[in-house]
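Colleague: Now for the letters of each chain:
2 protein chains.
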Amino acid sequence: MAEQSKKWILMVTAQTPTNIAVIKYWGKRDENLILAINDSISVTLDPAHLCTTTTVAVSPSFQQDRMWLNKKEISLDGARYQNCLREIRARANDYEDEKKGIKISKNDWQNLHVHIDSYNNFPTAAGLASSAAGFACLVFSLAKLMNVQEDNGRLSAIARQGSGSACRSLFGGFVKWVMGKEEDGSDSIAVPLVDEKHWDELVIIIAVVSSRQKETSSTSGMRETVVTSALIEHRAKEVVPKRIIQMEEAIKNRDFPTFAQLTCSDSNQFHAVCMDTSPPIFYMNDTSHRQVVLTSGWILSCVVAYTFDAGPNAVLIARNRKAATLMLQRLLFHFPPNSDTDLDSYVIGDKSILKDAGIQDLNDVEALPPPPEIKDKVPAQKCKGEISYFICTRPGRGPVLLPDESQALLCLETGLPK
Amino acid sequence: MAEQSKKWILMVTAQTPTNIAVIKYWGKRDENLILAINDSISVTLDPAHLCTTTTVAVSPSFQQDRMWLNKKEISLDGARYQNCLREIRARANDYEDEKKGIKISKNDWQNLHVHIDSYNNFPTAAGLASSAAGFACLVFSLAKLMNVQEDNGRLSAIARQGSGSACRSLFGGFVKWVMGKEEDGSDSIAVPLVDEKHWDELVIIIAVVSSRQKETSSTSGMRETVVTSALIEHRAKEVVPKRIIQMEEAIKNRDFPTFAQLTCSDSNQFHAVCMDTSPPIFYMNDTSHRQVVLTSGWILSCVVAYTFDAGPNAVLIARNRKAATLMLQRLLFHFPPNSDTDLDSYVIGDKSILKDAGIQDLNDVEALPPPPEIKDKVPAQKCKGEISYFICTRPGRGPVLLPDESQALLCLETGLPK
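Same order as they appear, the protein sequences are chains A and B.
Sequential numbering of the first sequence, starting at 1, is according to UniProt numbering.
Sequential numbering of the second sequence, starting at 1, is according to UniProt numbering.
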C-alpha cells in the first residue's frame, strides 16, 4: 500500500432482493455455521419494491470497521457480522486502480477497515425478512469491493453465516438452499432453479398486518422447535424431501395448482411445528386466519397461494394479473384502510394492479361491491384497519452492482453516510 | 306384554359427566363405528358443574321414538342415535315389576318406543363437548331402563358409536379410551385409570371465550386432518403411544410437573395437526394465545397445565387450591368482565375459590393489583370482555342414577317433557 495514497476511499454499492420461502427453512443442525435441517425453496422478490442497498467502502484512513443500518450506526461485534467479514477478507484478492493510484495486495485487506452503510426500501419492523436481503447485500458488496472471485453460489455459503435465508437472496427467480452434508457447511449453498423471467406471470401481494404482538425471533423460535417439537424431525426427514422434488417440478413446469398446494401446505406445516413447540409459538393471529379463510375459495380454484413467515403477514401469490386484480379488489373490500390513510400509502409497490382493478381513490374502495361468493345470509365481514398496507410485487432478479456513484450511501470524500 | 297394562310408563333418570382429554383423540380409523387412530386419556369433570341429565321412558302407548334436547324436540334419525338405540335394544333383558304390573320380555324391547329428554346444566353453544356427556347419558340411562347387564366398559363401546369422546364419560376420575384392534370395535372401550378421589387436589378452571368464529365441526375436522395432514400418522403411531404410557404413570404418581408438560404438549400437538390440515383448521384464536402466554410462567413453575379442545376455550388445570386461587386472581385481572356483567354469572361452578381469592364483587376485581411477574416497563394488558365466563370445577365421578322421581325430566303420567 503506497504511503502517498492515504487519502483514497474505494467504494462499491450493490442492491440485493429479499426472498420469501415457499418450502420453509425452520431448524438448524449447526447454530454457528447456520446449517439447516432441510432444503428450502424461495422466490426472490422484485428489488424495485423490496430490497436492501448497501455501500461498502475501504480506506487506509478508516480507524475501525463501522456500519450504519437505516441511518443509524450499529455494532459489528456480533458473531454473524464477524463471520461474514472474516470469510470475505480470507478470499480477498489484489486490487489496483492505476488512475486513482490505489494498489491493495491480497494481504492488505486484513488490515484495512471498512465502512458499511445499508438501507432497506421497506419498513424494517414489518417482519419482511430484512436480514435476508441485508446479509446477502453485505456479502455481495464486500466481495465485489475486495475483488473476491467466487461465484454467487460460493458467496451464498458466506451470506448463510449471517442469516440462513440470506443465501437464497444471491439469485433471482426461484432458488433452492441445499442443506448440504459437510460439517464445515461448504456444500450448504443456494442454487438458482429458474430465473425471474421463467414464471413472470406470477403476482405477489403482501398484506402487512397492523397490530403485532411481541414475536419470538426466528433464531430462538427454531432452536426451541428443534429441541421440543415431536414433529419437526419427521417434517425435516420425511415430509420436506418429497415436497422439494415436487416443488422443483412444479416450478419448472409452471404448474400453478401443484405449486399452490405445496406452498400453502408447507406454510401450514411450518406454523404447525411452531405450535408443537413448548411453549408454543404463534406467528399467525386472527387477522392471518381471516386472510386464509378469505382466500380459501381462490386456493381451491387454484388461482392463489398463500404463505406466512415468522409473523402474521400474508404473502399471497396470484397465478396471473387477472387473478391478482380480482384478489386485490376482494382484499380491499374486506380489509379497507382506516379513514386517515391515503390509498397511495395503503397499496404500495406495483400500483398498476390498482389501476387494472379500477381503483383510483378511497371512494372507489368504499364503493367496491361484496364479492359474489359471499352469500346474502352472511353479512360481509369488513376488518377496517387490520392491515397496515399492501405491497404489490412479483418475482425479481438477483443482486446487482449500482455503478452510478450518486446512488452510493457513503460520501466519497468522508467515507461517512451522506 | 299384558294387554291390561297398556297405560304404564317405565322411566329411568341418569346423570353423566363431561370430560376433557389431556391426551387428545383426533382422527378416526372407522367413521361409522367411530374407532380412533390412537388411545386418549381424559379427566372427568364434576357433574355438579358440567353434566347431562337424561330421562328415558318406555311405554306401550308411545307411538314412536322421540327425543328432546334442552327443551327442544330433535330428530333421532341420525345414524349415531340409531346405532346407540339398536345396540342397547339388542342387549335388553326381561324386566318385571309385579307391583306396577309391568312385564317386558327380552324381545318386547324391539317393539316398544322410547321417549328421551336430555338437558345440559351448561350452555350448549359454549363448545364444552356436550355430546360426550349427552351420548354417555343416553346409553347409560337406556341400558338401565332396558335391564342391560353389561358393565360400563361394555356400555362405553356403545356410547362411542354416538360420539367418540362419550365413551370416556362412563367413568369418573381419569379414563383411558383404548383404541382397540378389532374391526368391529368391540375392544375399543373406555377403562378407568384412577377414580376421582385419587387426585382430588386438582382444580380445573375453564375460560369460555366470548367471540367465536364459525368453527369446523370436530367430525369433519378430524376427517380432513386424517386425509390431508402429513404429520397426523406420525403423531398417532409414534408420538401418542409413548405419551399414553408416560401420562398413565404421571397420573398414578400424582406427578404434576410431568402431567402438566404432557397435557400442554399434547394440546399443542393437536392444534398443530389441525394447522397442518388443508385447508388449515384454526380452533385457537388471539384470546386463546393470550391465555397460553399469560399462563406460561405458571406452567414453567409447574403449578398449572392448559388444554384446548376443538374451540378457543382454555381449560386450565391447577395443581392445588392455592395455585388455583392465585390463577383466578390473575385471570380476573387480565380478563375482567364487561361492566354489564355481574360477578355471580361471570365465575360459575365452585365459587369457593372466589372466596379464597378474597373477591366478593366487581369492585374487588377492579381493585386487583397487577400480578408481581409483570414488569413495570410493560403496561399490564387487560382484555375486558374477551372471556364470556369462567367455570371453576374439579375431577368428578362417573354416571349415576337419579332415583328420585322429582328429578325426572319427563312426566310420569304423559311421558312428555315436564
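Because the hints were derived from the structure by calculation, they are not lab data.
Hints should not be assumed to be uniformly reliable.
Any copy will do: because identical chains look the same in the list, a pair fits if it lies in one copy or spans two.
Cut-off 20 Å, straight-line C-alpha distance, at most; resulting in silico cross-link-like pairs (SDA-like, lysine to any residue) [to be verified]: (1) 384 with 285; (2) 252 with 302; (3) 99 with 149; (4) 197 with 352; (5) 214 with 285; (6) 214 with 293.
Colleague: Are the hints correct? Go through all of them and say.
Modeller: How the hints compare with the structure:
Taking the shortest Cα distances, residue 384 and residue 285 sit within 20 Å of each other both inside one copy (16 Å) and across copies (19 Å). Only within a single protomer do residue 252 and residue 302 lie at most 20 Å apart by alpha-carbon distance; the minimum there is 17 Å, versus 51 Å between protomers. Within a single copy, residue 99 and residue 149 get their C-alpha atoms no closer than 22 Å, and across copies no closer than 104 Å, so neither meets the 20 Å cut-off. Taking the shortest alpha-carbon separations for residue 197 and residue 352, only the intra-copy value of 19 Å comes in at or below 20 Å, while the best inter-copy value is 69 Å.
Both within a single protomer and between protomers do residue 214 and residue 285 lie at most 20 Å apart by alpha-carbon distance, with minima of 12 Å and 16 Å respectively. With identical chains, the CA atoms of residue 214 and residue 293 are at most 20 Å apart between copies only, with a shortest distance of 11 Å across copies and 24 Å within one.
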